[in-house]
Structure formats: C-alpha cells, structure tokens
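There are 2 protein chains.
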Amino acid sequence: MSKPYKGFEPNWFQGKIPLNSYRSVFKWGAPEQIKAPKEKMLHDVMNRFGIDDSIFREYQQDLGLDEVKFDIPVQLAPEHIAALKAIVGDAFVRTDDYARFSVAYGKTMYDILRARNKIVENVPDAVVYPDTREQVEAIVAYVSEHKIPLYVYGGGSSVTRGVECVKGGVSLDMRLRFNKVVSFHETDQMITVEAGISGPKLEELLNDAVSAFGAKRAYTLGHFPQSFEHSSVGGWVVTHGSGQNSTYYGCIQDMVLGQSYATPKGVINTDSHPKKATGPDLDQIMMGAEGAFGVLTHVTLKICRHMPETVKRFSYMFKDWETGIAAAREIMQSEAGNPSVFRLSDPEETSVMINMYGVMDTPLKHLFKARGMEIDKMCLFLGFTNGEKGFSKNAARNVARVSKRYGGLNMTGYVCKGWEHGRFSDPYLRDTLQDFGVLMDTMECSVNWSEMARVHAEVRKVVKARPNTVCMTHMSHVYPQGGNLYWIFIILENDAEAFRRFHASILDAIQKSGASMSHHHGIGKMFGPWLEAQLGKNEFDILRALKNHFDPDNIMNPGGTLGLDIPETEKRDLLK
Amino acid sequence: MSKPYKGFEPNWFQGKIPLNSYRSVFKWGAPEQIKAPKEKMLHDVMNRFGIDDSIFREYQQDLGLDEVKFDIPVQLAPEHIAALKAIVGDAFVRTDDYARFSVAYGKTMYDILRARNKIVENVPDAVVYPDTREQVEAIVAYVSEHKIPLYVYGGGSSVTRGVECVKGGVSLDMRLRFNKVVSFHETDQMITVEAGISGPKLEELLNDAVSAFGAKRAYTLGHFPQSFEHSSVGGWVVTHGSGQNSTYYGCIQDMVLGQSYATPKGVINTDSHPKKATGPDLDQIMMGAEGAFGVLTHVTLKICRHMPETVKRFSYMFKDWETGIAAAREIMQSEAGNPSVFRLSDPEETSVMINMYGVMDTPLKHLFKARGMEIDKMCLFLGFTNGEKGFSKNAARNVARVSKRYGGLNMTGYVCKGWEHGRFSDPYLRDTLQDFGVLMDTMECSVNWSEMARVHAEVRKVVKARPNTVCMTHMSHVYPQGGNLYWIFIILENDAEAFRRFHASILDAIQKSGASMSHHHGIGKMFGPWLEAQLGKNEFDILRALKNHFDPDNIMNPGGTLGLDIPETEKRDLLK
Chain A
-17 MSKPYKGFEP
-7 NWFQGKIPLN
3 SYRSVFKWGA
13 PEQIKAPKEK
23 MLHDVMNRFG
33 IDDSIFREYQ
43 QDLGLDEVKF
53 DIPVQLAPEH
63 IAALKAIVGD
73 AFVRTDDYAR
83 FSVAYGKTMY
93 DILRARNKIV
103 ENVPDAVVYP
113 DTREQVEAIV
123 AYVSEHKIPL
133 YVYGGGSSVT
143 RGVECVKGGV
153 SLDMRLRFNK
163 VVSFHETDQM
173 ITVEAGISGP
183 KLEELLNDAV
193 SAFGAKRAYT
203 LGHFPQSFEH
213 SSVGGWVVTH
223 GSGQNSTYYG
233 CIQDMVLGQS
243 YATPKGVINT
253 DSHPKKATGP
263 DLDQIMMGAE
273 GAFGVLTHVT
283 LKICRHMPET
293 VKRFSYMFKD
303 WETGIAAARE
313 IMQSEAGNPS
323 VFRLSDPEET
333 SVMINMYGVM
343 DTPLKHLFKA
353 RGMEIDKMCL
363 FLGFTNGEKG
373 FSKNAARNVA
383 RVSKRYGGLN
393 MTGYVCKGWE
403 HGRFSDPYLR
413 DTLQDFGVLM
423 DTMECSVNWS
433 EMARVHAEVR
443 KVVKARPNTV
453 CMTHMSHVYP
463 QGGNLYWIFI
473 ILENDAEAFR
483 RFHASILDAI
493 QKSGASMSHH
503 HGIGKMFGPW
513 LEAQLGKNEF
523 DILRALKNHF
533 DPDNIMNPGG
543 TLGLDIPETE
553 KRDLLK
Chain B
-17 MSKPYKGFEP
-7 NWFQGKIPLN
3 SYRSVFKWGA
13 PEQIKAPKEK
23 MLHDVMNRFG
33 IDDSIFREYQ
43 QDLGLDEVKF
53 DIPVQLAPEH
63 IAALKAIVGD
73 AFVRTDDYAR
83 FSVAYGKTMY
93 DILRARNKIV
103 ENVPDAVVYP
113 DTREQVEAIV
123 AYVSEHKIPL
133 YVYGGGSSVT
143 RGVECVKGGV
153 SLDMRLRFNK
163 VVSFHETDQM
173 ITVEAGISGP
183 KLEELLNDAV
193 SAFGAKRAYT
203 LGHFPQSFEH
213 SSVGGWVVTH
223 GSGQNSTYYG
233 CIQDMVLGQS
243 YATPKGVINT
253 DSHPKKATGP
263 DLDQIMMGAE
273 GAFGVLTHVT
283 LKICRHMPET
293 VKRFSYMFKD
303 WETGIAAARE
313 IMQSEAGNPS
323 VFRLSDPEET
333 SVMINMYGVM
343 DTPLKHLFKA
353 RGMEIDKMCL
363 FLGFTNGEKG
373 FSKNAARNVA
383 RVSKRYGGLN
393 MTGYVCKGWE
403 HGRFSDPYLR
413 DTLQDFGVLM
423 DTMECSVNWS
433 EMARVHAEVR
443 KVVKARPNTV
453 CMTHMSHVYP
463 QGGNLYWIFI
473 ILENDAEAFR
483 RFHASILDAI
493 QKSGASMSHH
503 HGIGKMFGPW
513 LEAQLGKNEF
523 DILRALKNHF
533 DPDNIMNPGG
543 TLGLDIPETE
553 KRDLLK
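Chains as they are written, first to last, in my numbering: chain A, -17 to 558; chain B, -17 to 558.
Hints were generated in silico from the structure; no laboratory data involved. There could be a bad hint or two in this list.
As the list makes no split between identical chains, a pair holds if one copy fits it or if it spans any two.
[As the list claims (entries may be wrong)] 27 Å max Cα-Cα, derived BS3-like pairs, lysine-lysine:
{"id": "1", "residue 1": "K371", "residue 2": "K386"}
{"id": "2", "residue 1": "K198", "residue 2": "K301"}
{"id": "3", "residue 1": "K386", "residue 2": "K198"}
{"id": "4", "residue 1": "K519", "residue 2": "K247"}
{"id": "5", "residue 1": "K375", "residue 2": "K386"}
{"id": "6", "residue 1": "K494", "residue 2": "K359"}
{"id": "7", "residue 1": "K399", "residue 2": "K375"}
Computed from a predicted structure; not experimentally measured.
Only chain A is shown next, with the shape it has when bound in the complex (with noise of 0.2 Å):
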C-alpha cells in the first residue's frame, strides 16, 4: 500500500490479524484493508512534532492481536437467554467473550486506547443478531417486561460512546441480519430498508437498482459520511449523521421520510408523506434520541438519481482563512445551486494536504509565491458539484466566479480528485500510526457565519495549548447560515484517561465559544454531561419529558446517553 521509502521505514504494522483479536474489533474499516504513511507524510508529522524519528523504531502500543479475553460474568438470568433465544433462534443469541466485546465499543480513541490496553469494560450480557423488525419488537417488548437494559449496535463507527453497554444487559447486533431492503418505491423515488443495513450495501444496491430492483434507472443516497464503509442507516438517524456531500444532498433528517420504532411504549411509525402540518413533527421527534426512546427498525429513505457523469470538481487557494470563509459565505448566499461537497481548509490543514497530495511537487508552488500567497497562510478550497448537467455546470460556474471574485487561484479538479482519493481510507492511517504513539482523533460543531472566524481562533488556541499538537480545521457541510467546524488534531498520547481529559477540553472550549456542540457526530454517553449546559435546562427537560414517556425504567440505551440518566455528581466528575 505504502509507496516505497527512500530512507528509513518504520515496521508499519501490516500482519494478519487474528479474527478474534482486539485489533480485529478496534481496527478502523475492511478487515484486510490496512494504509501506511508516506515517506513525505511521516515526515511532515515528525516536523510538526518537532521529533526525530525515534519513537517510530519500536511500537509504543500494544498491537492487540491477542485474543479478546476478560473476566466479566454474565449477569443475565439463563431463562432470560432461553426467551431471547426462543425470539431469534439458538444460534442468534451469543454469550461468549469475543461477542460481547465487539458490540461495546465505538471509535473514538478512548475506545481504541481502551481495547489496546485490554481494558474492558461496559460489555453486554448477551448479544442478540436479530432477523426482522417482528423479532426486535418481541426483543423490547421481552426486555420491558423486565426492566433489562438494551443497546443497539449498528456500523459501530460511534466516536461518542453511543454503543457502549454500561448497564450491561442485551445488544442488539444488527449487522449480521438486520440489513435488509424492505421495498423499494422507483415512482415516489424512495426506499425502505432495515436499520441495520450498511452504507456501502444500501448504496450498491441503490447504484445497481436495475438489476436489483428492476428500476428504470440508477439511484444514490447521496449520504457519505468519512465512516461510510462502518456506519449504518440506523446509526445515521439516531445520532443526525451527515454525509461529505451534504451540501447538496443534505443531512440525513433532509432524507428521512418515515421511521418504525419498536419502544418500551408500543410501536411507533410514522408516514411517508413529503410534508405535514398534523402536530409537531414526529419523526424529528424521534429522530436524534440515539436510541434513548425506543430502537429504530425500518427507515424509509428518500433518493435520488445516480448521475456520475455531472460531477464537476473544483479546486482554489485562498490566499488567507478569512478571504476563504468570505467566499465561502458568498457561494452559499448566491442561490446559484449548491455545491455537494465543499470544503475549505485553514492553514495549517493546507499545509498538510498540500504535502499529502503532492501539490508543492508541481508548478503550482510557484503560482503561490507569483500570487503572494504565503504558504502558512493559504487555504485550500475543495469540492464537486452534482444533479442534472445544467444544474451542475450553473453551481460550478458560481463557485469560479466568487473565487475569482475573491482572488482564489484556480487549482482545477486535481487536488479534489486526491481528496477523493482519500476520503474514505485515510482513517486506515490511525491504526498505522497509533502503533507507534500517534494519535489522532476529531471534534466538530455548528456556527453561524458572524461567528465563524472566532469559534476557530478561540477553540485552536485551547487545542494547540497542548504542546506538540497537530490541529487541522476545516468548514464543510454550509448552508446560508453558516457551517460545520471541523477539528482534526494530531498528538503523542498513550494513555486512555489522557486523552479523555483533553478530548473535554477540547468540547468546553466549543460550547464557551458559543457554538453548538455537534453538527453530525451526535452526544453519546461521551458529550452527555455537557448537552442540559448546551441547549438550557427548561429545553433539556422537554428530552426528559419524551424520555419519561418513552422509557420510563430507563433500559433503552441507559447509562448517560444524552445525558439523561447522569446523577448530578456523577456530572462532576465526568466533567473534570
């Protein structure tokens, strides 16, 4: 995978990994999928670090390739197993070690510090493999009665601890059968599908939509969020994912047509209809609670038409951050047609793509200098436009003309095309690198224009307090309004609990700066302790009143999700 090195090589970590190792669960993405740094790459961290290349002789963490094995017994009465066995099927509900622990954690580095270090804690009981939406509804109904905690695992991409089993009790792994078309609708171009279902699969299916469902033609989602090949239709409604294409696809509460839920209440389904004035909106009701109100089994889902051959990829540098969210803040206001992916870079994230995608290796760098660009000031614009051929063009063309507008210097479609090389595997790089003690991880947030520039400033300056610290930001996801802020950051850490107290530093300094404290990653059980601060206590108590109704013993999701079920002192504590 790697290019081949000119001088020094570390022993990137490029083995087998044994099926049920730790790494075999903490690992991001394809089992067999693996990517290392280039030399130029590596390089640049080191720099950055102000490091030589020491720590990259000899592996700094623990690989994690033995077998996952701990000593938690299981706590679920053996008539209990027998009635969940009875729903799914005797081979369906699994109680062994390697099971459990591979539906307890997500992917946020304190959940892969945690697995490296053969921490394990908050497994489940039981992990139950539901078939169809009859059985899951059988599974809350059974777990209701008796007041047992229940989890849901869908891609297990989670970066909030939202998967993770901290009563104990039942998950629900919904990866192995609960992945299904339910029907698809070419005339009202929508499809409805079990929750379970992957992106890459719902996409493959919707792609190949002539064959699979004898279509007319081809459809997308539009939805690609970075964890794309392990996240889930389900994951992404319950937590108010969003895709890199959002822009013009929107989010997934813009695709959304109608949900089944299976709740300690009864079942809930809503219609399909496009648009409602019949009372408050119920699947934006049900939509967001990650899984605190009951467990999402059928979705239905509005598409689109597949039209690759429309893409228009475009790409500027801005000669500084401001210029660029200036230009940024004119495209989305014009009204010419939205761009799907768009994305503008701070400096220091420039600086680092520009190296990764070889930009300083061509004339281009000399164009920097000829136009007083400053490389530690410049910011990269990126993205591709879709919809119809004259849609497309009408979008391209109003991006070109407010960079030019703005003094952006035409890059064309090639530094784009090296991000979309990468969207999907450059993730593979933590585990490569973790090996030897780098970490990285991200956070991100809501913001108005007016307060773009400050938000940034205010939280990269609590970020880069750290000493050694990689912090790459970039704006995605816009509307008129205003964007996501996205933060990347790059440390030496080892530690589990240090990372923690730094990741929370990193989340207070967004809700001081007044942001809202997630775009699309969702609250988890991580964020949970600061949302009530976030949104105010009287509209906190309006998610407390549907948890009440919903869930009133708390076994849906229970043990901080949302921050609903977090004694006051425990918060304290949280929050140190």
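Fit chain B to the supplied structure of chain A, relying on the hints for placement.
Here is chain B on its own, set in the frame of chain A:
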C-alpha cells in the same frame, strides 16, 4: 373593480363597511378592498350550477353590517383583569363586545356563516394587546398560576378554528403591538421578529432592507401563502404553514432557525445554528403545536436574496391529468433546480381558470383543438422560477424540456401572469359571492406521487356527490416524493351546520384515501377529532405526553386544539 357588465349585474356589495360591524370582522383581507366577479365568471358559475340569475337578484345572506353586540358576560374576575392591565398597560386590555368578537373566529366558512348569522360563541373574556416578549412571558406565568385559558390571535386567517376561544379566558391579539423586528443579521442571512408581525410588513421591510436596516442588498422571506395579507409569522410557524413559492423557498419548517416560547413550564429558547446533532430537534418539537404547548414570542427566520429580475414565468397545457402528473413528477425528480411556484390544475379547475383569465378569447383556443386537446380533459400547469439568474434559467429550461416531452402546449408566461395578478385578491371574491349564497372554501392534503391520481379521484367523488358542486383541484407545493392536493369547492349553502357536515365528509374522504390530512392548513380545533386516527394511538400519545409536560392544567389554546383535549364521547358527536 369589476369590469362593466354587458347584461345583468348583481348588486355586489361595495359599500363602506361600518367600523364595528360583523362584516368588518369576517370579511377577507384589507378593510377597503372589495372584489366582484367579472360577468364571464358569474355566467360560468351559473352554468356550472345549472341555475339562472334569480339567486343574484337579491341577497341570500345578511350582509353583516350591524354593530357587533352579544350577551355573553365577562367571567374573568376583576382582579385578573387588573393584573393583566398591570402587565401591559390599562389601554391594552379590552373587554368590549367588538374586541372580544374580533379575535374569536378565523376564516373557514363555518366561521363566516356563524358571523353573518350573528351566532356568537367562544369569545374570550378579555383581549390583551402585548407589546414585548417579557409581557407575554409575564401573562403566561400569570394565567398559569391562576389556571386561566389563554388563546392567541395572529393574522386571523385560520381555516381550522385554530384561534377560537372555546373555554373563554384571555386572547392575546398580537396585531397591534407585538409585530416588530427584533434584530436583522445580514452576515448570517437571518432576521428575528416578534411573532405577531404580519406577512406583508415583514416582506416589505426585507425588500427594503437597504434603508430599513442599512443592509447591502434587498431580501425576501419567500413565504407567500394565499392568506399572505392577513397572516402572521407566528401563525405560519405554529401551524406549519407553506407559501405558494414553497417548492423553491421551502415551507415554514425549512425557514425557522430559532424560536422562543412562553409556556407554563417556563421559557423555551432554541438556538439558531444551521444544523445540529444534539438530540431530537427542539425547533421541530415546538413547531406545529398550534399554541397547545405555549405562546410563540420570537422567531428567527432564514432570509434569501430578493431577485425579482431573475423570475422566469411558464405555463403549459397538458392533454389530461395523468399526463400532467407524470410531467410534474419528472420535473421534480430531475434535479435541475426546483421552480418556485408550481401549480397543476385538474380539468375542472383548468376550465374555470381559462375562463377567468380570458384564455378562450385568444387564438390559443384554436391551438387546443389543433393539438387534439379536449376542453374537459386538459390540465393547466403554471408557475415561475426564482434564484440566481443561471439557476432560474436552468430550472425554467428543464420545465420547458420536460413539458415538451410530455406533449405540453406552451402558453408562454401569459396565463401565469393572470394567476399572479389574482393570487392574493381572488379570495376577496368569497365575500361578494357569498352575499348571494355562493360559498367557496378549500381543503388540502399531502400525497405521494404513486397515490396522486387515486386520492384525487376518491376525494373528488365525495365532493361531487353533493349536487351542484364546483370542485376545482390543483397540485402545488411539490417534492421529488409527491405534493399537496388542494381542493377549492363552490356550493350553494347558507347554513353553518350543513356546511360543517359537508366539510367533515371531505376530510373523512381524505383520511380514508390514505393521504396525510393536512399539508399546510394545520389541524386546529376543526380537524382535531380526526388527528389521533390519522397518526395512530401510540403516535398521538407522543403529542399528549408533550402537552402534559408543557401544559398540565390545559390552559394553552384548550378546547380541542390538535384533538388533545376532546373527551371520547364528544369526539363521536363532532364526527357526526
């Protein structure tokens, strides 16, 4: 206003309307504006009803010119009235008959028929005219403490008995003072207003933003319901309203960025960041509650650039309804940019419109024949596009391309201009015609493409089962998944109860057809008895839980709003 008649002209009431009269309350729109039908239209009505001009020889209804007077004692204790005066000022609490009656009814024909016949019921004890958000909050706190029912009157165009003070108490008339701009944010393209601001006032300020706010350019909200002239921002938000340009600008749900409410549980504020993943969407939980959770005070709305110069008008004639629907669906699914106004009329509405706009007096009538179009089957499609010049042009080009493909006859922008001319003034015909017993009202629902033709046929069948009924239908407010079906019916009816039963039979038909019972009129108290059956019991229980949370004493718009507080027995009566 009306053109000189060739033959007999009825004595259309065009006199001065006494200030404190019933008519001044029930008449549509601006006090001084009156519209009478042209001769052609009158003859068309007579033809359709199969009647001669005898009913037009004398008024069939009371003109409602008497002073409003009734004998319903004020039951609110003097100390409460004193307390309210202490909050808003002595002059801003009224208990006279006229003030009380003027906020009791909306604009469904059930309201108008009662008003014409001096049937006064459900008036508040006192009308309060708040000036500030703090006053509204103090009033809500006061009525909560003393369990006094509270109603809100915004623009008065409710067609669902939304404002009716079924339990007496206090009504807040927002028109007088609670109608100011709170703040204007050009960088973020949003505006914060008091909920009582009227549509025209807000739109005028936005169009005039350069002088009103010192802005760099002009703006628009893009929200133009037919009731525009006497509707308020608050009314739009609490009922999930949509404007005629919603296919481009979105429904009010898409425009609201932030809200403040005064509820018995305290003040609720949502933040105005563009998109959040911080639990279920609080804006959507509050919106559409029609005053049953609390009083909307401030609203922050997304605004757009005002670019009237980019508008492209279009009109086409399709050979029949099915072809028109197919073309409309293709336009909405082709991703070429949505038109703004988008209206496809069924054959009956088409025949009325081409008479109304004089199309049959033009050479076009020969073209219809030449193109093999039958007058009683053909369907008129009209609208226009908005947005940046290239975007608007591309959207119009797509409309033209698709219309041509489906055999549409290009009628240029001429017919669209006719529609635009009457878009806000046509409802004024209601009063003039009704003086002679010709009653006009509307119903609407949300449907998917696959059920459009069937729902249209089934509901139309029920409407047409009543002898001598004009039933005009159009599809508007469209999406890739479907749209709104909108019925305008004209009947000869002078009795309020008879009207109510007929109206209910249409709603029943809509519900039985499987459509969603409202796209943008809302539910109010008139449709409340149907809502639980529409949503389902478990689903309706969610709204009940929210109601109980916000308003445990049931003082916020009580007496049937959203069907939340109708005893089962009474419900059966209402459905009769």
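Now for the hints, and whether the structure bears them out:
1. In this assembly of identical chains, the alpha carbons of K371 and K386 lie at most 27 Å apart whether taken from the same copy (22 Å) or from different copies (18 Å).
2. In this assembly of identical chains, K198 and K301 lie within 27 Å of each other by CA distance solely across copies; the values are 24 Å between and 47 Å within a copy.
3. Within a single copy, K386 and K198 get their C-alpha atoms only as close as 40 Å, which misses the 27 Å cut-off; across copies the closest is 21 Å, which meets it.
4. For the identical chains of this complex, K519 and K247 are neighbours both inside a copy (25 Å) and across copies (11 Å), given an alpha-carbon limit of 27 Å.
5. In the homo-oligomer, the alpha carbons of K375 and K386 lie at most 27 Å apart both inside one protomer (16 Å) and across protomers (23 Å), since each shortest distance falls under that limit.
6. In this assembly of identical chains, K494 and K359 lie within 27 Å of each other by CA distance solely inside one copy; the values are 26 Å within and 63 Å between copies.
7. In the homo-oligomer, the alpha carbons of K399 and K375 lie at most 27 Å apart inside one protomer (18 Å), although the nearest pairing across protomers, at 30 Å, exceeds that limit.
The structure fails none of the hints (numbered hints given earlier).
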